[in-house]
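Counting from 608, one number per residue, gives the positions in the sequence shown under this note's numbering.
It is worth saying that the hints were derived from the structure and are not from the lab. Backbone N, C-alpha and C define an ideal beta-carbon position, used for all residues, glycine too. One or more of the hints may lead you astray.
Derived Cβ-Cβ restraints for the label pairs, each shown as a range [to be verified]:
1) E623 / G648: 15 to 23 Å
2) G636 / P678: 27 to 35 Å
3) P678 / D633: 26 to 34 Å
4) G625 / S673: 22 to 30 Å
5) G681 / G636: 32 to 40 Å
6) R629 / H655: 27 to 35 Å
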Amino acid sequence: MSSEITYNRIAMLRAERGISRRQLADALGVHYQTVGYLERGEFSPSLHLALRICAYFEVPVEVIFSLDPFPRLGAESNGASRPA
608 MSSEITYNRI
618 AMLRAERGIS
628 RRQLADALGV
638 HYQTVGYLER
648 GEFSPSLHLA
658 LRICAYFEVP
668 VEVIFSLDPF
678 PRLGAESNGA
688 SRPA
């Protein structure tokens with residue numbers, strides 16, 4: 608079953624833009640609890656819903672969804688903070 612996990616950044620994008628779960632749910636035409644299930648990874652969206660989420664946030668699919676866990680914020684180093 609672990610191969611069926613879809614990771615997402617819905618909560619991060621929602622928080623970044625100051626959008627409540629209910630506001631996002633209303634815009635997508637789903638129940639606000641569905642947004643919570645999506646954010647916690649308890650539910651994978653249909654392709655149609657995933658594309659509607661991407662359209663709402665105006666970003667490509669790969670910005671929000673991934674088959675692999677997203678790196679934690681700050682985990683990607685640009686070389687400036689590497690120990691000597």
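Each hint tested on the structure:
| no. | hint | verdict |
| --- | --- | --- |
| 1 | E623 / G648: 15 to 23 Å | holds (19 Å) |
| 2 | G636 / P678: 27 to 35 Å | holds (32 Å) |
| 3 | P678 / D633: 26 to 34 Å | holds (31 Å) |
| 4 | G625 / S673: 22 to 30 Å | holds (24 Å) |
| 5 | G681 / G636: 32 to 40 Å | holds (35 Å) |
| 6 | R629 / H655: 27 to 35 Å | violated (21 Å) |
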